[in-house]
Amino acid sequence: MDFSSINPVTLIAMLMVAATPILLAAIGELVVEKAGVLNLGVEGMMITGAVSGFAVAVNTGSPLFGMLAAILAGAAVSFIFAVLTQILMANQVASGLALTLFGLGFSALMGQSYTGIVPPRTPKLDFGPLSDLPVVGRIIFGHDILVYVSILLVAAVWYWLNYTRSGRILRAVGENHDSAHALGYQVKKVRILAIMFGGACAGLGGAYLSLVRVPQWTEGMTAGAGWIALALVVFASWKPWRALLGAYLFGGITVLQLNLQAAGVRIPAEYLAMSPYIITILVLVVMSSNRGRRSLSAPGSLGRSFHAAG
Amino acid sequence: MLRLEKRPNPSKFWNYATPVTAVLLTMVAGGILFMLLGKNPFEAIKLIFWDPLFSEQFASYSRPQLLVKAGPLILIAVGLSIGFRAGIWNIGAEGQYIIGALCAAGVALAFYPSESWLVFPLMIVAGAFGGWLWAMIPAILKTRFNTNEILVSLLLVYVAEKLLAAAATGFMRNPDGAGFPGSRNLNQYPAAANHELFANTGLHWGGVAAFIAVLFTYILLQRHILGYHVQLAGQAPRAARFAGVAPARLVVLCLGLSGAFAGLAGMFEVAGPARQITIDFNAGYGFTAIIVAFLGRLHPVGIVLAGLLLALTYIGGELAQFMLNLPAAAIQVFQGMLLFFLLALDVLSNYRIRLGVSPRASEAV
Chain A
1 MDFSSINPVT
11 LIAMLMVAAT
21 PILLAAIGEL
31 VVEKAGVLNL
41 GVEGMMITGA
51 VSGFAVAVNT
61 GSPLFGMLAA
71 ILAGAAVSFI
81 FAVLTQILMA
91 NQVASGLALT
101 LFGLGFSALM
111 GQSYTGIVPP
121 RTPKLDFGPL
131 SDLPVVGRII
141 FGHDILVYVS
151 ILLVAAVWYW
161 LNYTRSGRIL
171 RAVGENHDSA
181 HALGYQVKKV
191 RILAIMFGGA
201 CAGLGGAYLS
211 LVRVPQWTEG
221 MTAGAGWIAL
231 ALVVFASWKP
241 WRALLGAYLF
251 GGITVLQLNL
261 QAAGVRIPAE
271 YLAMSPYIIT
281 ILVLVVMSSN
291 RGRRSLSAPG
301 SLGRSFHAAG
Chain B
1 MLRLEKRPNP
11 SKFWNYATPV
21 TAVLLTMVAG
31 GILFMLLGKN
41 PFEAIKLIFW
51 DPLFSEQFAS
61 YSRPQLLVKA
71 GPLILIAVGL
81 SIGFRAGIWN
91 IGAEGQYIIG
101 ALCAAGVALA
111 FYPSESWLVF
121 PLMIVAGAFG
131 GWLWAMIPAI
141 LKTRFNTNEI
151 LVSLLLVYVA
161 EKLLAAAATG
171 FMRNPDGAGF
181 PGSRNLNQYP
191 AAANHELFAN
201 TGLHWGGVAA
211 FIAVLFTYIL
221 LQRHILGYHV
231 QLAGQAPRAA
241 RFAGVAPARL
251 VVLCLGLSGA
261 FAGLAGMFEV
271 AGPARQITID
281 FNAGYGFTAI
291 IVAFLGRLHP
301 VGIVLAGLLL
311 ALTYIGGELA
321 QFMLNLPAAA
331 IQVFQGMLLF
341 FLLALDVLSN
351 YRIRLGVSPR
361 ASEAV
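Protein chains in written order, with our numbering: chain A, 1 to 310; chain B, 1 to 365.
Chain B on its own, in the form it takes in the complex (with noise of 0.2 Å):
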């Protein structure tokens, strides 16, 4: 009979190595489902995960994407790893990002047709801070009446789903579009447009703003106060209020610091790639950027690593669409499944797994 028994230490080996078992073995359940889909598996695996970065006939196209989808998928992911380390989950990036885009576009639109270079600056200061307001909403009702923030943060994406609506159809409309929903074009409106750095490389400021993230992450877990605090309220709570760790001022942080983090994506994303806010403007990188964190093992380089990959499931998935019809949601399946290999793996990291009685129970006999 199989048994687990708890390691002392969580396994320093398995922890590196089940992200990748995780992503092999989703590449083979997916492989599995494309061909119940009637594709190819092989053919599918390959389009998705080598021919964006190696076909001579797509990666001119696809190789700059990566930095465009990893870029907020990193941001946000980074964010979030904070809270998730401390047990504080919020799961409403995506409405966050939504918030961070709109004050940013709103900002950008009440200047139009200004060429200050302060209106990009601006934008910045206003997603980041449209993204924390939203996300300080969960952390006062966690703090103040002891709410749920995973219930709150998540059902606020629905509310700002419908602002976004809102203002794509009514107050940021283009007057000048013919009535169309949808804002003015800001990539068309040169102090707020956020256009690639370097030609063909994908970066754009938000892509600078995921590297400076990831460093600035990675100084706050490891060497400042904060972020021992954030490890010891996730490990061991109890601990950490001996030590004076003060929980509503960590639920503050954590939240707030994901929500800016997520807005800022919003804001990066809206100036650049989206050119404009519309109805679907939201892509799911919200959620999508929670199997990142967890992928990245809520550590700022496995971050990096995890958001690459996922980015390229996107592009890879894109492809796949366009050569092999397969559907889109196929990606979102494949996703999904990469988090639940992932979490099932990490029982290796936490116990053994041992054959037979347990000692103490044979002792008992």
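Bound-form chain A, shown alone (with noise of 0.2 Å):
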């Protein structure tokens, strides 16, 4: 065993690529959820994303229209669950996980021939002498756009749910759909518009996946990932911030968990690589136990399907 071989700022600035993906989706999710509505289907489209994206992303040459095609396919596979769940009045939790079912199919078939192949490379962001800094270049000056971008995204939907009039209309939605109905605000039209933003960011975060953490097309990539970042929204408690936390958090025990296993701990790699899930269910335990703080962050309206009267 050698633990010498983990260099602390390599570690953190590895944390920060692991933790990009489910820091995307989860933001997404963060804004549907804020607007009263439980997509599950993050893992679908998580990986409708990812497959769309590298699949561009090979045949264009180009990494950012990988991007921008994830970022549409999400959208579009979100748009399924939001013609369901608010024009059709379909059970949510039904609808989130027949998503997910269909993702993983769909996104099987289409990556079929992609399998086994080397995307192009998504370049890092050019700082010039400032990241040949000691430590502070690698950790800050060291990446490619999406770790900023999902960074400022962040801040983005924290600015737009608290100081903006639309981020608070969405909030009025989501905490009470009949109050809001009554105001003359368009619930479903939220609702679709939000749902379809967490489209966007889980497909968008989806593509980090294939395009830049593995970077590799395989069936099933996702592995748990959009789960995890519908867990993180919850230990979030709905706060964007504290997703971000959440996310660098996890994607700290991902690469601690990965480095353990190549620096040969004693312990088996099937155990190593059950961490990080234990570790989200135990998470949740802690923050869904404490009965009096999540009853005032979680949403009045979440879940519940909202249909005008008359």
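Honestly, the hints are just simulated from the structure, not real lab data.
What you are looking at is a predicted structure, and each value in this text was computed from that prediction instead of being measured.
Even for Gly, the Cβ is constructed at its ideal location relative to N, Cα and C.
Calculated lysine-lysine pairs in the DSS-like style (CA-CA distance at most 25 Å, straight line): (1) A:189 <-> A:239; (2) A:239 <-> A:188; (3) B:6 <-> A:189; (4) B:6 <-> A:188.
Cβ-to-Cβ under 8 Å is the rule here; a few derived chain A residues that face chain B: (5) 88; (6) 90; (7) 284.
Got two chains here, each in a separate frame; can you build the complex from them with the hints?
Encoded structure:
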């Protein structure tokens, strides 16, 4: 066993990369849940984004086009969920599951001819000499564009939810859809748009997995990342900055676990690979056992269907 | 303009008609999908739904497969349906199925090479217990700490998969297997093997268990006070609380029962068709069973029919893979679409579609 091979600076830089896909998916789902909708299809939207982004990036040679395609694909499949739950009044839990099952199958079908291909490289942002600084160079100035985009997105969502009129309307719709409807807000329109935003974010997160983090396409490659993103929203108590914190903590566990495997710790790799899921469950338990706080932060109409009477 | 008007009671007619319509629509959409993949849609649909049962060439092999595949699907789905009725979402049946199989195989291998007739019944108990135990984790966390059972049960699937990999490559690996992953072949271990009961029917003890589970669930839901509580908790949670239904007890009961059924399914599979513990032992039955439960309208009899139908898509899918080179994933897409159509059409049983503006809105004008 050789712990000296684990370098803390590399570790931090790596954890930011590991955290980015789930952070993107979680921040999207956070907005969806703030609008009062529980979309359990994050896993399905992520993997759809992963495969579409990969396919387009390989065919056009541009990772940027791939990511755009992933955003569109994620939003498109989430639209199915939006139609089912908002227009056809289907059960949200079942529809989300359907989206995940469909997405896993659809991506496997589309991705068949792409296994084993190396995608075009996503370049790191060029900060010039700043990237050569010790420590901060790798941690702050050593990433590709999406790592920064994901952090900016957190800031933007936080600002938008708290300080803009449309953000507050979205929260009103999520807290109490009957009151929001009575005030004249278009509950369904707000929710459909929120769902599609969530889909776009999850799609982008998926593409980050297949284009940057891994980078390769394999069937079922999201391996529960979407479900962890869902758990992250609960961990974050529906607060954007906490989602960032949670994602980085989680990224840290994943990377540390991988490093321990590489360093040859005498625990079989399977047990180390279990740890992110078990820790996610433990975190969920801790967060939800605190009943008083939780009831204050969860959106009031979360998971309830809205049908305007009359 | 089209407008939805809530029905006072769900429509009886559409309750029966939606699953059938959803299957037909999925066939049409599936046909289009197969066409896009460059296959003849009519041939593909015939190969999936007709040939496994009636073609002279394939039926002798395919027909028994129907019960082999439908058994675990029905057994798992019927357990899930009880919880789904009460609004308790166990979506981790896949994990409970794996743990059930691991526990049963563990018992069998611990007694290897015993010839006692007790091994098989012990495996059944171990399988049910394993599934129950794995489902008790989300149940206890839900009742004690109010943790979301959907997320916990699902995350535990991944943990179970890793345990399965650890078992197949480590602690359950066949000591005589020249280092290859995978446990001993239980079919060559007479005391533990779950063989076909009647030649060429595909019926093994798992099918029998599924049948008993269906009967049990039917009686529970129709004739027992617990079944009434389950329905009440799902349809009117507040009324249920006033009627003295303890939500915590219901969570433990529903998750435990569905976990035990899933564990049993895993047990019969590992001792029967799967023969041994391998890394990819789980074939997604736990997830497909969710579709089976919904397609069967959460009703035991409906679930039997839905289980047979989805078993058919598995077998027909393999056939189409073999004959038409249709990708294996196409069947997964097919099953996903089926659930989409089913959920979409459900609007017809709960709502009336009306033309024009609502009467109250026009009064206001």
